[in-house]
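Novice: Given these sequences and hints, build the entire structure.
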Amino acid sequence: MTEVLANPIAARAHARSMAGTVVEAMPVLPPVADDLPAGVSGDALLWEETIAAGGYASRRLPRGARLRLVDLKGDACASLLLFNAEMPTERLNVADTVKVQWNAYLGQGKLLLSDMGRVLMSILEDDAGTHDSFCGASNPATNAAKYGDGTNSGPYPSGRDRFLLGVAKHGLTRRDVHPCITLFKGTKIDPDGTIVPQIGPFEPGRSVVLRAEMDVILVIANCPHVLDPREAWTVTPLRTTAWRGPVTPADDPIRNATPEGLRAFQNVEDYFRR
Amino acid sequence: MSVDPHLSGLAGTVVHDVIVPARAPWLHHVAAGQTLRIVDLEGNQAVDFLLYAANDDAERYSAQDTVAAQGNLFLRKDTVLRSNEGRPMMTIAATSVEYHDTIGGACSCESNTLRYGHHTKSQHACVENFLEANLTEGRGKRDIVSNINFFMNVPVEEDGALGIVDGISAPGLSVDLHAEMDVIVVVSNCPQINNPCNAFNPTSVRMIVAG
Numbered sequence: 473m474t475e476v477l478a479n480p481i482a483a484r485a486h487a488r489s490m491a492g493t494v495v496e497a498m499p500v501l502p503p504v505a506d507d508l509p510a511g512v513s514g515d516a517l518l519w520e521e522t523i524a525a526g527g528y529a530s531r532r533l534p535r536g537a538r539l540r541l542v543d544l545k546g547d548a549c550a551s552l553l554l555f556n557a558e559m560p561t562e563r564l565n566v567a568d569t570v571k572v573q574w575n576a577y578l579g580q581g582k583l584l585l586s587d588m589g590r591v592l593m594s595i596l597e598d599d600a601g602t603h604d605s606f607c608g609a610s611n612p613a614t615n616a617a618k619y620g621d622g623t624n625s626g627p628y629p630s631g632r633d634r635f636l637l638g639v640a641k642h643g644l645t646r647r648d649v650h651p652c653i654t655l656f657k658g659t660k661i662d663p664d665g666t667i668v669p670q671i672g673p674f675e676p677g678r679s680v681v682l683r684a685e686m687d688v689i690l691v692i693a694n695c696p697h698v699l700d701p702r703e704a705w706t707v708t709p710l711r712t713t714a715w716r717g718p719v720t721p722a723d724d725p726i727r728n729a730t731p732e733g734l735r736a737f738q739n740v741e742d743y744f745r746r
Numbered sequence: 133m134s135v136d137p138h139l140s141g142l143a144g145t146v147v148h149d150v151i152v153p154a155r156a157p158w159l160h161h162v163a164a165g166q167t168l169r170i171v172d173l174e175g176n177q178a179v180d181f182l183l184y185a186a187n188d189d190a191e192r193y194s195a196q197d198t199v200a201a202q203g204n205l206f207l208r209k210d211t212v213l214r215s216n217e218g219r220p221m222m223t224i225a226a227t228s229v230e231y232h233d234t235i236g237g238a239c240s241c242e243s244n245t246l247r248y249g250h251h252t253k254s255q256h257a258c259v260e261n262f263l264e265a266n267l268t269e270g271r272g273k274r275d276i277v278s279n280i281n282f283f284m285n286v287p288v289e290e291d292g293a294l295g296i297v298d299g300i301s302a303p304g305l306s307v308d309l310h311a312e313m314d315v316i317v318v319v320s321n322c323p324q325i326n327n328p329c330n331a332f333n334p335t336s337v338r339m340i341v342a343g
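Read top to bottom, the protein sequences are chains A and B.
Following the working numbering, the numbering of the first sequence begins with 473 at its first residue and continues without gaps.
Following the working numbering, the numbering of the second sequence begins with 133 at its first residue and continues without gaps.
The reader is advised that the hints may include incorrect statements.
[Said to hold, decoys possible] Think about it this way: if two alpha-carbon atoms lie no more than 27 Å apart in a straight line, the pair counts; the simulated DSS-like pairs of lysine-lysine are:
# : chain 1 : residue 1 : chain 2 : residue 2
1 : B       : Lys209    : A       : Lys660
2 : B       : Lys273    : A       : Lys641
3 : A       : Lys660    : A       : Lys545
4 : B       : Lys273    : A       : Lys618
Please keep in mind that the hints were generated in silico from the structure rather than gathered at the bench.
Specialist: Okay, here's the thing in structure tokens:
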């Protein structure tokens, strides 16, 4: 330790001198984004953050909020947990999500369903098309086997460990890390059940826009896909932008697209009838 | 003395042998090294199945870790059923059905309202069974995760289309599960009557533990 930093006042000055530092992965407070969709005011911004390669974020978003995820450099891997913010025992149910919609592949117009027959979020826009509802996140054991280490404190953290930290910050625990979905890294299923990973890297700048249909807590882990075949632990930063938006109206095309989905929206509307 | 065909090939002493009635839950602790045999007595009966580590029930069966580790969606002979921490919990030691499902989840009163309509909300469902059984040991809704559906068939088509189709089981067919650790098995003998998973007619199954 240098002598000057042995003095608490000097240590304070040193710490304060860091203010204003800009790095690639960080939140912007208050949020600023110069590329919001037409008609969205900067005043509506709720969240602007770039999540580090191997990092995570957790956030509460209100019903109606839009969440845009951008794969900035083509190797982001956004694994997602979702909870009903006012009753987190209600959470994303991946099995119901694929079963109720009679389809396993996520994309524009698909709903992310809870285990209570309600839609937590819907996918408004998707220009990526490579997503995964089957494989879940890496865990310390899979990362240790592939990369030699899988701890949070090491160089190759796992999706599950990131989830654990993310849920903990909302008072949740190991029991709450439920099966997840992953955006930007995909899987396709062969007729014999073989899982074919679609890992890229892809062109930079692909994006997905989600709409919160309930007040939600979301936890995002940005770690390499569990079936990433590359020898090196490879992942790039993920940008998140959220803004306020109107609650889904009765004539919304996604709400009305299928009878099953319509009933999921009706269950949401019933929940908020108070 | 007549030979019980359902016990054929089962090694060790039978320590537990029970018939789970149609529509009912079942919970049982199976020790490492023991084998659980599930017999579909009348055929075309889905058996919804969850696992917890007996000494730490926050560690539980993970469909996603299981399919990712084997690179295949279907559970076949020699599939290792893995926990959310990547550890082997049980292994499919034998199966007289080619494969079993783990992506279709369990029916619930709530998901039934989506799949079939609100007129089905009062019908009994697998999640009700999972809750009833788990609540006896202090677990609750947070502990219910994606499950296995033994004897259930959920193919995935080229475009991702997926659905529960006709069962691939027949009377007397079975699956043997070898416990790799001390586990708590929680089963719902599926009461669903709105799709083909039980041939629209839920029936009883037999659970035999040996070792």
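Novice: Does A/Lys660 sit within 27 Å of B/Lys209, going by the straight-line distance between their CA atoms?
Specialist: Holds, at roughly 23 Å.
Novice: Has the given pair, A/Lys660 with A/Lys545, been kept, meaning a C-alpha gap of at most 27 Å?
Specialist: holds (23 Å)
Novice: Can you confirm whether the C-alpha distance between B/Lys273 and A/Lys618 stays at or below 27 Å?
Specialist: Not satisfied, since the Cα-Cα distance of roughly 33 Å exceeds 27 Å.
Novice: So if I understand the rule, the pair passes when the alpha-carbon distance is 27 Å or less; does B/Lys273 with A/Lys641 pass?
Specialist: holds (20 Å)
In this structure, the one hint that does not hold is number 4.
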